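If you're matching them up, the sequences are chains A and B in order.
For the first sequence, the working numbering gives the first residue as 1, with consecutive numbering after it.
For the second sequence, the working numbering gives the first residue as 1, with consecutive numbering after it.
FYI, nobody ran anything at the bench for these hints, they're computed from the structure.
Check the hints yourself; a few may be wrong.
For chains that are exact copies, the list does not tell them apart, and a pair is met inside one copy or across any two.
[Said to hold, decoys possible] Cross-link-like lysine to aspartate or glutamate pairs, in silico, EDC-like; alpha carbons within 16 angstroms at most:
#, residue 1, residue 2
1, K396, D206
2, K30, E64
3, K100, D54
4, K234, D208
5, K399, D206
Just so it is clear, the structure is predicted and the values come from calculations on it, not from any experiment.
2 protein chains.
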Amino acid sequence: MKGACIVGQSGGPTSVINSSVAGVVLSALKNENITEVYGALNGLAGIINENIIDFKKEDIEEIELLKYTPSAALGSVRLFLDDYTVNSDIHQKILNVFKKYNIRYFFYIGGNDSMDSCHKINEYLKSQDYECRVIGIPKTIDNDLVCCDHTPGYGSACKFIATTISEIYLDINAYTKGRVTIVEVMGRDAGWLTASSKLASLNGCDPDLIYLPEMAFNIEEFLDKVNNIYTKNKKAFIIVSEGIKDANGEYILKYRNFNNNDSFGHMQLGGVASVLCQIVSNKFGFPVRAIELNLPQRCASHLSSKTDIDEAYICGEKGVEFATTGVTGKMITIERNNNIFTYGTTDLKNVAAQVKNVPLNFISENKDNITQEYIDYALPLIQGEPNITYVNGLPKFAKLKKVLINKK
Amino acid sequence: MKGACIVGQSGGPTSVINSSVAGVVLSALKNENITEVYGALNGLAGIINENIIDFKKEDIEEIELLKYTPSAALGSVRLFLDDYTVNSDIHQKILNVFKKYNIRYFFYIGGNDSMDSCHKINEYLKSQDYECRVIGIPKTIDNDLVCCDHTPGYGSACKFIATTISEIYLDINAYTKGRVTIVEVMGRDAGWLTASSKLASLNGCDPDLIYLPEMAFNIEEFLDKVNNIYTKNKKAFIIVSEGIKDANGEYILKYRNFNNNDSFGHMQLGGVASVLCQIVSNKFGFPVRAIELNLPQRCASHLSSKTDIDEAYICGEKGVEFATTGVTGKMITIERNNNIFTYGTTDLKNVAAQVKNVPLNFISENKDNITQEYIDYALPLIQGEPNITYVNGLPKFAKLKKVLINKK
Numbered sequence: 001m002k003g004a005c006i007v008g009q010s011g012g013p014t015s016v017i018n019s020s021v022a023g024v025v026l027s028a029l030k031n032e033n034i035t036e037v038y039g040a041l042n043g044l045a046g047i048i049n050e051n052i053i054d055f056k057k058e059d060i061e062e063i064e065l066l067k068y069t070p071s072a073a074l075g076s077v078r079l080f081l082d083d084y085t086v087n088s089d090i091h092q093k094i095l096n097v098f099k100k101y102n103i104r105y106f107f108y109i110g111g112n113d114s115m116d117s118c119h120k121i122n123e124y125l126k127s128q129d130y131e132c133r134v135i136g137i138p139k140t141i142d143n144d145l146v147c148c149d150h151t152p153g154y155g156s157a158c159k160f161i162a163t164t165i166s167e168i169y170l171d172i173n174a175y176t177k178g179r180v181t182i183v184e185v186m187g188r189d190a191g192w193l194t195a196s197s198k199l200a201s202l203n204g205c206d207p208d209l210i211y212l213p214e215m216a217f218n219i220e221e222f223l224d225k226v227n228n229i230y231t232k233n234k235k236a237f238i239i240v241s242e243g244i245k246d247a248n249g250e251y252i253l254k255y256r257n258f259n260n261n262d263s264f265g266h267m268q269l270g271g272v273a274s275v276l277c278q279i280v281s282n283k284f285g286f287p288v289r290a291i292e293l294n295l296p297q298r299c300a301s302h303l304s305s306k307t308d309i310d311e312a313y314i315c316g317e318k319g320v321e322f323a324t325t326g327v328t329g330k331m332i333t334i335e336r337n338n339n340i341f342t343y344g345t346t347d348l349k350n351v352a353a354q355v356k357n358v359p360l361n362f363i364s365e366n367k368d369n370i371t372q373e374y375i376d377y378a379l380p381l382i383q384g385e386p387n388i389t390y391v392n393g394l395p396k397f398a399k400l401k402k403v404l405i406n407k408k
Numbered sequence: 001m002k003g004a005c006i007v008g009q010s011g012g013p014t015s016v017i018n019s020s021v022a023g024v025v026l027s028a029l030k031n032e033n034i035t036e037v038y039g040a041l042n043g044l045a046g047i048i049n050e051n052i053i054d055f056k057k058e059d060i061e062e063i064e065l066l067k068y069t070p071s072a073a074l075g076s077v078r079l080f081l082d083d084y085t086v087n088s089d090i091h092q093k094i095l096n097v098f099k100k101y102n103i104r105y106f107f108y109i110g111g112n113d114s115m116d117s118c119h120k121i122n123e124y125l126k127s128q129d130y131e132c133r134v135i136g137i138p139k140t141i142d143n144d145l146v147c148c149d150h151t152p153g154y155g156s157a158c159k160f161i162a163t164t165i166s167e168i169y170l171d172i173n174a175y176t177k178g179r180v181t182i183v184e185v186m187g188r189d190a191g192w193l194t195a196s197s198k199l200a201s202l203n204g205c206d207p208d209l210i211y212l213p214e215m216a217f218n219i220e221e222f223l224d225k226v227n228n229i230y231t232k233n234k235k236a237f238i239i240v241s242e243g244i245k246d247a248n249g250e251y252i253l254k255y256r257n258f259n260n261n262d263s264f265g266h267m268q269l270g271g272v273a274s275v276l277c278q279i280v281s282n283k284f285g286f287p288v289r290a291i292e293l294n295l296p297q298r299c300a301s302h303l304s305s306k307t308d309i310d311e312a313y314i315c316g317e318k319g320v321e322f323a324t325t326g327v328t329g330k331m332i333t334i335e336r337n338n339n340i341f342t343y344g345t346t347d348l349k350n351v352a353a354q355v356k357n358v359p360l361n362f363i364s365e366n367k368d369n370i371t372q373e374y375i376d377y378a379l380p381l382i383q384g385e386p387n388i389t390y391v392n393g394l395p396k397f398a399k400l401k402k403v404l405i406n407k408k
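The following block holds chain A by itself, in its conformation from the complex (with noise of 0.2 angstroms):
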């Protein structure tokens, strides 16, 4: 089927996404079944409001320099749809906008919400009898998505989060005497990114204690167990997900407001780290430091892992691939085999909306520590440096000229 393909971008970004991008337009560009290589500013939005660009006007140096530029260069949209049969407002006029300009071929990178879209236009579509191959490319630290060994997105965030706690780990560590240090890492749900912080250790910087949301956090052992290490060693290094939770399933950032009657109680000051901070400090007098390392987990592309980077780049190719020679409805997945990785697809709805969580056996039995197992699945994900672009001294970032097609 001869048509033009449009490829966008949904929900947070990563320091890969646009490596997938580059994938798709690359062999898109070189794909002689499609037409034109259209790109939507800001996912679906984009699509709704004709903001599509044309890369046939752009340099190819700078689609090049996508895979080692971070966010989401096309822009994201957090936009999630109903299901045709409940409400099809957004679905008609993207199937309008896909007849207008011959779409065919729709390529939409995201995470589980996004699959969830991406399945829900595809059975409009189908409902329509638009004839239209629509794929999902896998995109998400989080590494949550279901049916993939991995997801592109994760090895650049565990790359950057092993080296930054091997660099804490020196830092805190040139002094005799120390301070409990909490380091605070995304993920509300599962524990993937928090986990990357054990590789840490194949520095000789392995932090004392892990917490992950997969496991029910106990405040008491907890305060036992910093009292133990503190006292012994005059320092503890701890990281903590974001999103850990006590046995009741309470995040454990909501203990922020015990006994706080300020008026600013219903404000964010600082995370989940700050609150253990203060009750570390509030129980024991231990002088403490809360580190919250924030955005950079997700756009700390000078740091990428080469194999993410590459991976996140052939899931792209491999969606124009799969899409051509007949497939939709799918997501594109990495799959695992002796830790030779390989690529293939599942059904969209399998992906929409499921959390994979990190599994028991890569957490240790105390629940305070992540286990050999996860080292060795998460190892093969950091490999690699990119051959960064510096000019005047800082990486050097794909710049496009996004000519949108209806501005002729």
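Given chain A, put chain B in place with the hints provided.
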């Protein structure tokens, strides 16, 4: 004069403080006047307690790796001396150890407080007619040492900050509607580090507002500007120094306790960025995000400036060169002439306990941004990327054996 040398590290670690150790040690090992090359563990504390290592027992390869290893490999200390005429207890202990091991060259790597200690030791040794060459090697990410164009450690911190600010800028621009993002940068008294965020403008990632402690911060003006920027752009990107103060010289951080009657009122719950986010949110209801760059500013050696690593190394080399040709009581300086950098010396007492602020021509007239003059000043300092060795996907750090000289 023939004799042993000892090198120590003091004050807050930096990404390149170990490069200065490498410069001292590798030069000293080749110098015919230097009989032994010792390292003091945890600075002056290591001398007093005879926790002294023998660099002749270390592999040259590991000493070379110090160039790319963050934090203080010998351990640091915050121990500052009285004038010997007031209290010479510590000075005497140091002299005894120097005599015991025939230490005739003392290299101390640190900031202004450490140079003060250095100066006091030098004065005491002179008063006791003990011949010893005392040389300070400058280091501080804060760039606040007088008599020096810039300090080793600053360029790497600038490169880290400017790169990270660029990456965050791209991330927060992925959505059409964003938040008020406030990034907090280190610097209690001087705004040098915060100013370096302006270098991100060279990457097309210019922050909207940049506030330094050198200029009084007016909260009402700030809120007006944020309101205008957010209303126009649906996002705002603001960089603040942790040390910004109001017209009365009060830290803005203290505003956290305004109207705050909670039982944790005395606790540190996030920094000034959090406080400002809270105030913006309370006033306008805009979505906000506080980001504290935190320790990676001084330890993210994977993103060091090669220029900075080299300069830190040369400062160590020059220390040995000057000392063995008779200089004492001096700190090594870096001087600039038409962007050509040369090395000199200044009296330790000129540097001791002084602070160099950001000059007014580096700050924009309306006190909320940084000028081209600053960019011209700072740009040479962030040039070049070190060739870092990665093992297991992580940067390789030096591992010293640390063989103690009195444990034979």
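Handout entry: Unsatisfied constraints (hint numbers, rising)
Key = none
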